[in-house]
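Residue numbers (this note's numbering), protein chains in the order written: chain A, 1 to 196; chain B, 1 to 205.
Check the hints yourself; a few may be wrong.
The calculated lysine to any residue pairs, modelled on SDA-like cross-linking and capped at a C-alpha distance of 20 Å, are [stated by the list, open to error]:
| hint | chain 1 | residue 1 | chain 2 | residue 2 |
| --- | --- | --- | --- | --- |
| 1 | A | K41 | A | P91 |
| 2 | B | K7 | A | L51 |
| 3 | B | K7 | A | L172 |
| 4 | A | K55 | A | L79 |
| 5 | B | K64 | A | G67 |
| 6 | A | K55 | B | L10 |
| 7 | B | K64 | A | A39 |
| 8 | B | K7 | A | T185 |
| 9 | B | K7 | A | A60 |
| 10 | B | K7 | A | F58 |
| 11 | A | K41 | A | T119 |
| 12 | B | K7 | A | V177 |
| 13 | B | K7 | A | G130 |
| 14 | A | K55 | B | A12 |
| 15 | B | K7 | A | L66 |
| 16 | A | K55 | A | R73 |
| 17 | B | K7 | A | G111 |
| 18 | A | K41 | A | L172 |
| 19 | A | K55 | B | F78 |
| 20 | B | K7 | A | V56 |
| 21 | B | K7 | A | A3 |
| 22 | B | K7 | A | I61 |
| 23 | B | K64 | A | R190 |
| 24 | B | K64 | A | I23 |
| 25 | A | K55 | B | L17 |
| 26 | A | K55 | B | L9 |
| 27 | A | K55 | A | A22 |
| 28 | B | K7 | A | F182 |
| 29 | B | K7 | A | R33 |
| 30 | A | K55 | A | L66 |
| 31 | A | K55 | B | A15 |
| 32 | B | K7 | A | A52 |
| 33 | B | K7 | A | G67 |
| 34 | B | K7 | A | T119 |
| 35 | B | K7 | A | F54 |
| 36 | B | K38 | A | V177 |
| 37 | B | K64 | A | G35 |
| 38 | A | K55 | B | V13 |
Since the hints were made in silico from the structure, they are not lab data.
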Amino acid sequence: MIAPLSEFGSLGPLGVLVSGFAIGVAFGACLERSGLGNARKLMGQFDLTDLAVFKVMFSAIVTAMLGLFWLSRLGILDLSHVYLPDTFLLPQLAGGAVFGVGFALAGLCPGTSCVAAATGRGDGVAVMLGMLAGVLATGALLPAIQRFYMSTSRGALTLPRLLGIPEGIVILVVVGVALTAFGFTARVERRAASVR
Amino acid sequence: MKMLMPKRLLAAVAAVLALLAAATGSSRRVPEAMIDAKQLAGEIQREDDHVTALELAQWIRDRKPGLRVLDVRTDSEFAAFHVPSAERMPLESLVTLRPAAGETLVIYSEGGTHAAQGWVLLRSRGHEHVYFLRGGLLDWMDDVMSPTVQSTSDSASAHVASLSRYFGGVPRVGVAPSAPAAHATATRDTATAAAAVARLRRRGC
Chain A
1 MIAPLSEFGS
11 LGPLGVLVSG
21 FAIGVAFGAC
31 LERSGLGNAR
41 KLMGQFDLTD
51 LAVFKVMFSA
61 IVTAMLGLFW
71 LSRLGILDLS
81 HVYLPDTFLL
91 PQLAGGAVFG
101 VGFALAGLCP
111 GTSCVAAATG
121 RGDGVAVMLG
131 MLAGVLATGA
141 LLPAIQRFYM
151 STSRGALTLP
161 RLLGIPEGIV
171 ILVVVGVALT
181 AFGFTARVER
191 RAASVR
Chain B
1 MKMLMPKRLL
11 AAVAAVLALL
21 AAATGSSRRV
31 PEAMIDAKQL
41 AGEIQREDDH
51 VTALELAQWI
61 RDRKPGLRVL
71 DVRTDSEFAA
81 FHVPSAERMP
91 LESLVTLRPA
101 AGETLVIYSE
111 GGTHAAQGWV
121 LLRSRGHEHV
131 YFLRGGLLDW
141 MDDVMSPTVQ
151 STSDSASAHV
161 ASLSRYFGGV
171 PRVGVAPSAP
181 AAHATATRDT
191 ATAAAAVARL
201 RRRGC
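Chain A on its own, in the form it takes in the complex (with noise of 0.2 Å):
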């Protein structure tokens, strides 16, 4: 077990900060090579004319599962490591519309308003600043909203420990979602651009 390479040490703390820097450059990056800066593209998501998002981040998960799992298997990675986010049923929930409704208002997301704000576009700043003023208003709100912050807590969930079946076959259950999606997208957005 080498990795993840900042737990075992052979990064050293400068590395992890100089390690992380490139790795957000690198997201930023690849975001704005696939037209993610850009709210008009991300809005085509919600009329199914382009579905980029989608296939960006489902191709995103695939290739981080795949890689999380055979690193995993092969002996390089130690999964327990890795830190598992816990989850909170109905306040995640909650976020998730929340967020949900900002995304379709703004056409941005947190990474793809910084994205676009580094391009120069001003909706970027304005989702930038508005996400900002989210997150200082949470923080300062936290302890009015604490109770339901840290209710119906399920510990750190995954797929296969809530269905009981191995890891394996999730991830091909996942994948082969992926690839037909993947396949159904391509024909939706002939067809969108056909009516265009």
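Fit chain B to the supplied structure of chain A, relying on the hints for placement.
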């Protein structure tokens, strides 16, 4: 033939990796230890987790099929004295042990703690027919090597006395184990072994 497009190639790679993942099952190389805490707790409560020194002595004398006696103490302690037929097995090796079918494992340590912890480790890896010696080698010294029996006439006492003599022990009749007279009757071998274990007694485990 049309060459595979990069997109198709990537999709094919993902599909192959996913199929292999499904065949592999788990991302862990070592199977996860599954502790059924409730079941283990029940076994402990019912005292199905251990054997007494006399039970172990009986098993060894009867040459119980598949019996393996494992000593988890250090090399030097093992060299000083060990239960006859025991093999030395440090806890680190114990956790990777794969008992053959039909084997019964009895783990012992000085006072029983390390052996009991070894029992949990082995049971959590799904091995059944695992026991530890209650009271450890200290109980073995007291109950097998120098037991105190009520009299020589009743059958229970006679049984204990015969077991003890089988292992070279010296049963005493109605005398407290710490009485000086008892030491006088002990053979020199037993006395040496008892002294070796008495030194351990202060440390426990």
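- prompt: Can you list which hints this structure breaks, lowest number first?
  reply: 1, 4, 5, 7, 13, 16, 17, 18, 19, 21, 23, 24, 27, 34, 36 and 37
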